[in-house]
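Chains A and B, in that order, are what the protein sequence lines are. Residues in the first sequence are numbered consecutively from 1, following full-length UniProt numbering. Residues in the second sequence are numbered consecutively from 1, following full-length UniProt numbering.
Hints were generated in silico from the structure; no laboratory data involved. Please note: incorrect hints may appear among the correct ones.
Because identical chains share one entry, a pair is satisfied inside a single copy or across any pair of copies.
Within a straight-line C-alpha distance of at most 25 Å, the following computed SDA-like cross-link-like pairs (lysine to any residue) qualify [said to hold, decoys possible]:
id: 1; residue 1: 327; residue 2: 186
id: 2; residue 1: 211; residue 2: 240
id: 3; residue 1: 60; residue 2: 209
id: 4; residue 1: 88; residue 2: 153
id: 5; residue 1: 374; residue 2: 391
Below, each chain spelled out in residue letters.
2 protein chains.
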Amino acid sequence: MLKLFYKLLLTFLIVNNTAWALENGLARTPPMGWMHWERFRCITDCKRFPDECISENLFKRTTDLLVDEGYLAAGYEYVIIDDCWLEKDRDNVTNKLVEDRYRFPSGLNHLADYIHNKGVKFGLYQDYGTNTCAGYPGVIKHMALDAQTFAEWDVDYVKLDGCYADINEMDQGYPEFGRLLNRTGRPMVYSCSWPVYQEYEGKLPNYEALKEHCNLWRNWNDIDDSFESVAQIMDYFSKNQDRIQPHAGPGHWNDPDMLILGNYGLSYDQSKLQMAVWSILAAPLIMSNDLAKVRPEIKEILQNRYVIAVDQDPLGIQGRRVLLRNKIEVWTRPITPVAANNQYSYAVAFVSRRADGAPYPTKFKLSDLNLNNKLGYTVTDLYDNNKNVGTYKPGHIFQTRVIPNGVTFYKFTALN
Amino acid sequence: MLKLFYKLLLTFLIVNNTAWALENGLARTPPMGWMHWERFRCITDCKRFPDECISENLFKRTTDLLVDEGYLAAGYEYVIIDDCWLEKDRDNVTNKLVEDRYRFPSGLNHLADYIHNKGVKFGLYQDYGTNTCAGYPGVIKHMALDAQTFAEWDVDYVKLDGCYADINEMDQGYPEFGRLLNRTGRPMVYSCSWPVYQEYEGKLPNYEALKEHCNLWRNWNDIDDSFESVAQIMDYFSKNQDRIQPHAGPGHWNDPDMLILGNYGLSYDQSKLQMAVWSILAAPLIMSNDLAKVRPEIKEILQNRYVIAVDQDPLGIQGRRVLLRNKIEVWTRPITPVAANNQYSYAVAFVSRRADGAPYPTKFKLSDLNLNNKLGYTVTDLYDNNKNVGTYKPGHIFQTRVIPNGVTFYKFTALN
Numbered sequence: 001m002l003k004l005f006y007k008l009l010l011t012f013l014i015v016n017n018t019a020w021a022l023e024n025g026l027a028r029t030p031p032m033g034w035m036h037w038e039r040f041r042c043i044t045d046c047k048r049f050p051d052e053c054i055s056e057n058l059f060k061r062t063t064d065l066l067v068d069e070g071y072l073a074a075g076y077e078y079v080i081i082d083d084c085w086l087e088k089d090r091d092n093v094t095n096k097l098v099e100d101r102y103r104f105p106s107g108l109n110h111l112a113d114y115i116h117n118k119g120v121k122f123g124l125y126q127d128y129g130t131n132t133c134a135g136y137p138g139v140i141k142h143m144a145l146d147a148q149t150f151a152e153w154d155v156d157y158v159k160l161d162g163c164y165a166d167i168n169e170m171d172q173g174y175p176e177f178g179r180l181l182n183r184t185g186r187p188m189v190y191s192c193s194w195p196v197y198q199e200y201e202g203k204l205p206n207y208e209a210l211k212e213h214c215n216l217w218r219n220w221n222d223i224d225d226s227f228e229s230v231a232q233i234m235d236y237f238s239k240n241q242d243r244i245q246p247h248a249g250p251g252h253w254n255d256p257d258m259l260i261l262g263n264y265g266l267s268y269d270q271s272k273l274q275m276a277v278w279s280i281l282a283a284p285l286i287m288s289n290d291l292a293k294v295r296p297e298i299k300e301i302l303q304n305r306y307v308i309a310v311d312q313d314p315l316g317i318q319g320r321r322v323l324l325r326n327k328i329e330v331w332t333r334p335i336t337p338v339a340a341n342n343q344y345s346y347a348v349a350f351v352s353r354r355a356d357g358a359p360y361p362t363k364f365k366l367s368d369l370n371l372n373n374k375l376g377y378t379v380t381d382l383y384d385n386n387k388n389v390g391t392y393k394p395g396h397i398f399q400t401r402v403i404p405n406g407v408t409f410y411k412f413t414a415l416n
Numbered sequence: 001m002l003k004l005f006y007k008l009l010l011t012f013l014i015v016n017n018t019a020w021a022l023e024n025g026l027a028r029t030p031p032m033g034w035m036h037w038e039r040f041r042c043i044t045d046c047k048r049f050p051d052e053c054i055s056e057n058l059f060k061r062t063t064d065l066l067v068d069e070g071y072l073a074a075g076y077e078y079v080i081i082d083d084c085w086l087e088k089d090r091d092n093v094t095n096k097l098v099e100d101r102y103r104f105p106s107g108l109n110h111l112a113d114y115i116h117n118k119g120v121k122f123g124l125y126q127d128y129g130t131n132t133c134a135g136y137p138g139v140i141k142h143m144a145l146d147a148q149t150f151a152e153w154d155v156d157y158v159k160l161d162g163c164y165a166d167i168n169e170m171d172q173g174y175p176e177f178g179r180l181l182n183r184t185g186r187p188m189v190y191s192c193s194w195p196v197y198q199e200y201e202g203k204l205p206n207y208e209a210l211k212e213h214c215n216l217w218r219n220w221n222d223i224d225d226s227f228e229s230v231a232q233i234m235d236y237f238s239k240n241q242d243r244i245q246p247h248a249g250p251g252h253w254n255d256p257d258m259l260i261l262g263n264y265g266l267s268y269d270q271s272k273l274q275m276a277v278w279s280i281l282a283a284p285l286i287m288s289n290d291l292a293k294v295r296p297e298i299k300e301i302l303q304n305r306y307v308i309a310v311d312q313d314p315l316g317i318q319g320r321r322v323l324l325r326n327k328i329e330v331w332t333r334p335i336t337p338v339a340a341n342n343q344y345s346y347a348v349a350f351v352s353r354r355a356d357g358a359p360y361p362t363k364f365k366l367s368d369l370n371l372n373n374k375l376g377y378t379v380t381d382l383y384d385n386n387k388n389v390g391t392y393k394p395g396h397i398f399q400t401r402v403i404p405n406g407v408t409f410y411k412f413t414a415l416n
């Protein structure tokens, strides 16, 4: 009898464990914030590069700028430390992770307090494997301890990378670390790098599991500071949209990687393009730049409330590239308001992949973009202060003129 | 006896013809100016695009801006009409070329006067073949007439494209048109597209002939509005520098195509990069942009007098890529002043082909860049108001930090 009881208990535990999901109630819309990697990489020489090295100073000044320059008010709420914040060795008594003592002299609790006192949330990087990508200690043999340490450091967001790890263990290991994070009782957004490493080795990620166990996940390549990199990521997301797009939704998001606006590699128009396409993709909007050096016209794009509203749309349906003609791509995303007849409104981005000098005039019939609300749509220009540019019905032709490697971006609000 | 005389005369004429060279005394430094193609292409719809269509209006307003915005004073002296200025048919009585009557209602003589009265010079496009690239009538069957017409229109600069032509006739035909231009008695800079069409069909251009017969020539691809395009052209010029570089000099220049600064596709740092590398290449500095819309910081690059001085250096020696290490390219160009010990000064551009976020710190020993003047060099930063950054000798290490897909650019002035 007791034997049967234990058998049942075991069955219950297994079922329960299998059915366990993150369900931390976080990231109901794609997370927004700032992370150091793309711009600051693994700069550790604070003598030579005092404003750029991965240190207390960088995250404090970024937090200040996030608040003072209006980014927090626009929705960017996380300041996230990426790789290269650790000492090379764990504490030799407690085995705990130790922040670099020279670069974080006041400790992470102090930094977390500083960030929290400004109304900002605190994110921290680790790696599922034996080492982080830059060679610092990973979590794999100390998962419970590290989850607990993260909670003690008042972390609000965890990015778990996948270097130096066995991709076949990830299906089990990433959920396990998520469970341990949850167990601490501290709500932490959980960002997984699990699928990208599997994709690299030719294994199709289990997106159903990702949805269950992660708030967001990196699907593919790290972004670099070039339009070429932005374009490659866009191409990956459009070519694979059938198997990627359906899995996004409140609490669980695909992540095409950071916004690189405000750095060196994008022109003004390419900056508008990344912001528009990322918002169509319901992407986390995590900037990586030097907030002290973002030009005013780029800051305006980053803080464009109409574009951010598309990204943060409460329906949480990821958009798709629906058409490609003469190197003009049309990306659409169903958004609120939903009309009484159950017709979605849409964000529609016309993206040029042309480089032939002159802005390209083009036109599309609404029904060819699957905009079929018989009562029509009010169209507003998201990059022109949401200006009304007319009312269109499914049979109407919408004309636009798109700058080379640029974008025009509209909201088609469904009429009742 | 008379027979012998004619034989001798014929021999003389043939020899003379073979030995004939352009020698028009023009383009002693690479031509500088503005041309419509990259930005404005073949826009002919003036109702829909009144500010952009290829018309009198475009060239008048560009001339005004060239003068009023300081470009002429900086050295940009030619305003050049590219393709799409012609009627589709020649005059049916005289066979003369006719400018588009709707878009150039006052005629080219009026436009030339307008341009000349502003102290600017006037350039015009034609094509060696039966048709221009956009399908307008080419010169091939009316070369003498067209050369004469160009002179009557007070043209100062001729770009002769090579669409719809037999590449095997070009070795003879391009020099012939140059001779006809010269014969008019009006000095006209002669820009040949001859080598690019031969390269496309796998025939090695005869650079010795080009030097003799053209003031400049397009070596390779048309430039487009993207950094990718700039980078491809740079790569072509570095990979082929052994056979291209030696042929440049006063009166005869390789042409990597237009400056695209001020348009949509280049970031600020990529703009500095194109300007620096083009000046190393002793390239014609022919902008193609909408001068009314060039941002102030880009205008500053276009008018940087230190960089322009490199481009216009009187020695006229084209530079080369001398080193590539960790995706940092070093381009150098021998320039004046030449020290008493016959050591050149150098313009040195450190060009990053990296996209990994953080500016890349790097260092080079001067002698590794063939900077061997034992007395050393005074180094000044061409993008920082020619600020002195120190004195270096051949054994010294020069350190710099280069922005992703950006450039640092210095003058190393040889000391006596």
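Item to check | Unsatisfied constraints (hint numbers, rising) | outcome: When the structure is compared with the hints, numbers 1 and 3 turn out to be violated.
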